[in-house]
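Residue numbers (my numbering), protein chains in the order written: chain A, 2 to 306; chain B, 36 to 371; chain C, 4 to 307.
Hints are supplied without guarantee of correctness; some may be wrong.
[Stated by the list, open to error] Below, a list of computed lysine-lysine pairs in the DSS-like style, where the Cα atoms sit at most 30 Å apart: (1) B:K209 <-> B:K98; (2) B:K165 <-> A:K215; (3) B:K113 <-> A:K215; (4) A:K8 <-> A:K126; (5) B:K361 <-> C:K8; (6) A:K215 <-> B:K319; (7) B:K91 <-> A:K215; (8) B:K233 <-> B:K156; (9) A:K215 <-> B:K121; (10) A:K221 <-> B:K332; (11) C:K16 <-> B:K361; (12) C:K43 <-> A:K126; (13) B:K156 <-> B:K109; (14) A:K216 <-> B:K143; (15) A:K8 <-> B:K184; (16) C:K40 <-> B:K98; (17) B:K319 <-> B:K91; (18) A:K221 <-> B:K113; (19) C:K13 <-> B:K361; (20) A:K126 <-> B:K98; (21) B:K143 <-> B:K165; (22) C:K43 <-> B:K332; (23) B:K68 <-> B:K156; (24) B:K98 <-> A:K215; (25) A:K221 <-> B:K160.
Source of the hints: derived by calculation from the structure; they are not laboratory data.
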Amino acid sequence: MSNYIVKRIFASFITLWIVVTATFFLMHAMPGGPFDGEKKLPDQVKANLETKFGLDKPIMQQYGLYLKNLLKGDLGPSIKYEGRTVNEIIKYSFPASAKIGSVAILFSLVVGIYMGIVAALHQGKWQDDLCMIIATLGVTVPSFVLSTFLILIFSVKLKLLPPVGFDGPLNYIMPAIALGGYSLSFIARLTRSSLLDVIRQDYIRTAVAKGLSKKTVIFKHALRNALIPIVTYMGPLIAGILTGSFVVEKIFGIPGLGREFVQNITNRDYMAIMGVTVFYSAFLVICNLVVDILYAFIDPRIKLE
Amino acid sequence: MEKLLQVNDLKTSFFTHVGEVKAVRGVSFYLDKGEALGIVGESGSGKSITMMSIMKLLSDNGKIINGDIYFEGKNLVKADEGEMEKIRGNDISMIFQDPMTSLNPVLKIGDQITEPIIKHKNMNKAEAYKRAAHMLSLVGIPSPEDRMKQYPHEFSGGMRQRVMIAMALSCDPKLLIADEPTTALDVTIQAQILELMKELREKINTSIILITHDLGVVADVCSRINVMYGGLLVETANTDDLFYDSRHPYTWGLLGSVPNPNTLIRERLKPIEGQPPDLLNPPKGCPFAPRCEYTMKICMTDRPPMFEIGENHKAACWLNHKDAPKVSSPFKRGDK
Amino acid sequence: MEVTKDMFEKVPKEERQSLNIMRPSETFLKDSYRRLKKNKLAMAGLYFVIFITIIAIITPWISPYSYSAQDFNLSNVGPTKLHWFGTDQFGRDIFTRVLYGARISLTVGYVVSLLNLTFGVLYGGISGFFGGKVDNIMMRIVDVLYSIPMMIYVILLMLILGAGLPSILIALSLSYWLSMARIVRAEILSLKEQEFVLAAKTLGASNWRIILRHLIPNCMGPIIVTLTLSVPSAIFTESFLSFIGLGISAPKASWGSLASDAMESFMIYPYQLLFPSLAICLTVLAFNFLGDGLRDALDPKMRK
Numbered sequence: 002m003s004n005y006i007v008k009r010i011f012a013s014f015i016t017l018w019i020v021v022t023a024t025f026f027l028m029h030a031m032p033g034g035p036f037d038g039e040k041k042l043p044d045q046v047k048a049n050l051e052t053k054f055g056l057d058k059p060i061m062q063q064y065g066l067y068l069k070n071l072l073k074g075d076l077g078p079s080i081k082y083e084g085r086t087v088n089e090i091i092k093y094s095f096p097a098s099a100k101i102g103s104v105a106i107l108f109s110l111v112v113g114i115y116m117g118i119v120a121a122l123h124q125g126k127w128q129d130d131l132c133m134i135i136a137t138l139g140v141t142v143p144s145f146v147l148s149t150f151l152i153l154i155f156s157v158k159l160k161l162l163p164p165v166g167f168d169g170p171l172n173y174i175m176p177a178i179a180l181g182g183y184s185l186s187f188i189a190r191l192t193r194s195s196l197l198d199v200i201r202q203d204y205i206r207t208a209v210a211k212g213l214s215k216k217t218v219i220f221k222h223a224l225r226n227a228l229i230p231i232v233t234y235m236g237p238l239i240a241g242i243l244t245g246s247f248v249v250e251k252i253f254g255i256p257g258l259g260r261e262f263v264q265n266i267t268n269r270d271y272m273a274i275m276g277v278t279v280f281y282s283a284f285l286v287i288c289n290l291v292v293d294i295l296y297a298f299i300d301p302r303i304k305l306e
Numbered sequence: 036m037e038k039l040l041q042v043n044d045l046k047t048s049f050f051t052h053v054g055e056v057k058a059v060r061g062v063s064f065y066l067d068k069g070e071a072l073g074i075v076g077e078s079g080s081g082k083s084i085t086m087m088s089i090m091k092l093l094s095d096n097g098k099i100i101n102g103d104i105y106f107e108g109k110n111l112v113k114a115d116e117g118e119m120e121k122i123r124g125n126d127i128s129m130i131f132q133d134p135m136t137s138l139n140p141v142l143k144i145g146d147q148i149t150e151p152i153i154k155h156k157n158m159n160k161a162e163a164y165k166r167a168a169h170m171l172s173l174v175g176i177p178s179p180e181d182r183m184k185q186y187p188h189e190f191s192g193g194m195r196q197r198v199m200i201a202m203a204l205s206c207d208p209k210l211l212i213a214d215e216p217t218t219a220l221d222v223t224i225q226a227q228i229l230e231l232m233k234e235l236r237e238k239i240n241t242s243i244i245l246i247t248h249d250l251g252v253v254a255d256v257c258s259r260i261n262v263m264y265g266g267l268l269v270e271t272a273n274t275d276d277l278f279y280d281s282r283h284p285y286t287w288g289l290l291g292s293v294p295n296p297n298t299l300i301r302e303r304l305k306p307i308e309g310q311p312p313d314l315l316n317p318p319k320g321c322p323f324a325p326r327c328e329y330t331m332k333i334c335m336t337d338r339p340p341m342f343e344i345g346e347n348h349k350a351a352c353w354l355n356h357k358d359a360p361k362v363s364s365p366f367k368r369g370d371k
Numbered sequence: 004m005e006v007t008k009d010m011f012e013k014v015p016k017e018e019r020q021s022l023n024i025m026r027p028s029e030t031f032l033k034d035s036y037r038r039l040k041k042n043k044l045a046m047a048g049l050y051f052v053i054f055i056t057i058i059a060i061i062t063p064w065i066s067p068y069s070y071s072a073q074d075f076n077l078s079n080v081g082p083t084k085l086h087w088f089g090t091d092q093f094g095r096d097i098f099t100r101v102l103y104g105a106r107i108s109l110t111v112g113y114v115v116s117l118l119n120l121t122f123g124v125l126y127g128g129i130s131g132f133f134g135g136k137v138d139n140i141m142m143r144i145v146d147v148l149y150s151i152p153m154m155i156y157v158i159l160l161m162l163i164l165g166a167g168l169p170s171i172l173i174a175l176s177l178s179y180w181l182s183m184a185r186i187v188r189a190e191i192l193s194l195k196e197q198e199f200v201l202a203a204k205t206l207g208a209s210n211w212r213i214i215l216r217h218l219i220p221n222c223m224g225p226i227i228v229t230l231t232l233s234v235p236s237a238i239f240t241e242s243f244l245s246f247i248g249l250g251i252s253a254p255k256a257s258w259g260s261l262a263s264d265a266m267e268s269f270m271i272y273p274y275q276l277l278f279p280s281l282a283i284c285l286t287v288l289a290f291n292f293l294g295d296g297l298r299d300a301l302d303p304k305m306r307k
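When you get a sec, could you build the whole thing from the sequences and use the hints?
Next up, the structure:
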């Protein structure tokens, strides 16, 4: 078990290093970027970049310096906003993203798993059809379309929810639905098919043959096995919420890192793009690591590895 | 003697997208208290489905469409889910073919084995664990207290089947149904499990139904044998009579495919030619007619009734009719 | 019933065996197609996919207006008889632009899926077939790529390559073959242990022949399903890129860029957003229905 965890942590570091390296060289391959020396930069930023990141030095040396700064946790200055560092950008905008993101994840997990169970237990009946229609719509409608129509319906027509802003709990509802909609659908389908698969297993028949009630069989014997695939989906789920935030935060005017990132892209703020990319990757790698360890606790068979 | 189980004209079908598969087409048999009955037949003969019907463990598209199943005088066909829950694992329990997949992989053995005890015996957790440990040592699992903290994947196939047996017997069931309990195991382990079942049968006074496709296995454990084919009971007899005075060509075929350890000369095993019938459109006459060496005109048009041969011995074959040509079993007393 | 003596005459072997008429066994593909045909949603999806593909191909000959001609007298007109879907702020006919959008969106969907197919199947096939060290290294690479947020790298690639259709195709193709590779590998790993592969090996078939002739055709089911479902995912991603300003540039348009253009004024002219969105949703829906139907039809576990 601990062997497995150590192995996974080691693998995560390797992944992280590959990601940082790839990002660094991709950014330097970018035409018209700050690193090919053609672009005029504000003097202060330029000076800062040169001393700290060695922009005037050969690329391998720059790479070394970037890694060194990264180990210190320094992602460098923003190119567009004088006096702001990438660390500050992340520090100020990530909390909003994290709040909205957690609500969306919770929403998609709870509702998705619930829908999946209902559908599986009523296979072929109207409850199943209803859940699967909702789930299919969820993977069919792009998040920006969903966001827009949510605003049109709930803010413009019904005037129930505030269209934009990030002040109170009401502001969480529509963004969480828009962000979590796709994952919710996916989780609902995954839960359903997984549960249906588990119900057909021999050990479920054993449980019924022991005289256990249907409730005990489903909740104690079937669900735990059925939810194992959901745990493996947690990594992609977080990644999806994260990417979805680019669009949803922009539409709902949430001052989060996703909106910031899109702004950086529009502004071609390369230091910020690089920094946020590295941050996102690191965040996801850590999430995946946590999920893997969690997985080992939930599925006892994995300890054998 | 009082009958523990009485099955009358049981018919079970599965409704699939291609139509109604008549898996069991009218089966009647009984079981006495303390008796061990063997049910033999190829896969698809309906033997497992008959047992699943008794336990009411049929999948959603399966349905008992006719017949009665009396267990201690109570008709299980009419029992609802709540009543069945009280019977399953308590009065009737079951062991399945594949011990590798029959235990829940994410629950500890102790959890799984105490479940029926807590449910049926009204014991608290500590008492249930004590009883479970006792049961595990009874089936030959060393240091049961430690083993109960482990997960199924930490057990070998044979050990898992022992766990299944311990679990099935944990509530002192009146009837134990063992559905091919040794098929998925290695030959040496098979012998051990059979030995264990025989031993337990002597210790605990439980009636047993043993399902298998291997006549050698039932001969060892059971005093009476039902032979099933094509969803029907084709012959039933005491073990001795079935081996040495069988009256059905299908039984002869089965006997011909049992390796005979008593003869020194290596005999050729005779497989039964052909395939079992398609139960979606079961044949009008005898289901075995297409594969039978002795098929007569009547076999193709009329299903044979159960001919009384002797005490406890019946066979559904037209050869037993008074007008039929005399054919006798190739396996006679003294042959083997 | 009356039993007479003549009924006990013996029947010759041929005659009695003629009784045993089995259901004609269906071939895998025929059986799958029968199941697919029974699934109304999947068939509707199939017909819609064929329909929209034909429309996309023949658009230049059937579209009533030019996709790029601007007419400011006609800007922001709602749906009328002349302009079924209305016009945009430059007076361009939205119906025409949606038709042309189909060309680009479907091109993205199909080309990216086909490139995924080729690369994913080869990568997964080689990894699964050779197994051992080769498999270990190849799959570690996939694991690493899998654990990083692909969309971000698509964005980085787009920044390097510049906006436009070719960049989208390259960026998406470079990032989306992973799941195909994983699926093919898993299938091959289990298939290669089976007898028919051993038989082929014994007969001296070359590795390539075994992979191409024996293994890949036998995992066609999951491949087709993954392929079908990767088309809508590519269309989705393209619209996403368009929305954050990295997709198709004007006057050309994809459904994604049309929708994203309409976003700015969706409170006033919701119809401008409605039609391209509807096009995306219907197409994605159709592919999803088809993919799900194919999965049910091709999954051997579901067969009786």
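Going down the list of hints, with the structure as the test:
1. B:K209 <-> B:K98: 25 Å, holds
2. B:K165 <-> A:K215: 26 Å, holds
3. B:K113 <-> A:K215: 19 Å, holds
4. A:K8 <-> A:K126: Not OK: K8 (chain A) and K126 (chain A) at ~46 Å, beyond 30 Å, violated.
5. B:K361 <-> C:K8: Distance ~13 Å between K361 (chain B) and K8 (chain C) Cα, so the pair holds.
6. A:K215 <-> B:K319: 40 Å, violated
7. B:K91 <-> A:K215: 13 Å, holds
8. B:K233 <-> B:K156: 25 Å, holds
9. A:K215 <-> B:K121: 12 Å, holds
10. A:K221 <-> B:K332: Given that 30 Å is the threshold and the Cα spacing comes to 57 Å, the pair is violated.
11. C:K16 <-> B:K361: 19 Å, holds
12. C:K43 <-> A:K126: 17 Å, holds
13. B:K156 <-> B:K109: Distance ~21 Å between K156 (chain B) and K109 (chain B) Cα, so the pair holds.
14. A:K216 <-> B:K143: Satisfied, since the Cα-Cα distance of roughly 19 Å is no more than 30 Å.
15. A:K8 <-> B:K184: 26 Å, holds
16. C:K40 <-> B:K98: Holds, at about 28 Å.
17. B:K319 <-> B:K91: 28 Å, holds
18. A:K221 <-> B:K113: This hinted pair holds, its Cα atoms lying about 28 Å apart.
19. C:K13 <-> B:K361: 12 Å, holds
20. A:K126 <-> B:K98: 19 Å, holds
21. B:K143 <-> B:K165: 15 Å, holds
22. C:K43 <-> B:K332: Since the Cα atoms of K43 (chain C) and K332 (chain B) sit roughly 47 Å apart, the hinted pair is violated (cutoff 30 Å).
23. B:K68 <-> B:K156: 22 Å, holds
24. B:K98 <-> A:K215: 18 Å, holds
25. A:K221 <-> B:K160: 16 Å, holds
Hints 4, 6, 10, 22 from the earlier list are contradicted by this structure; the remaining hints agree with it.
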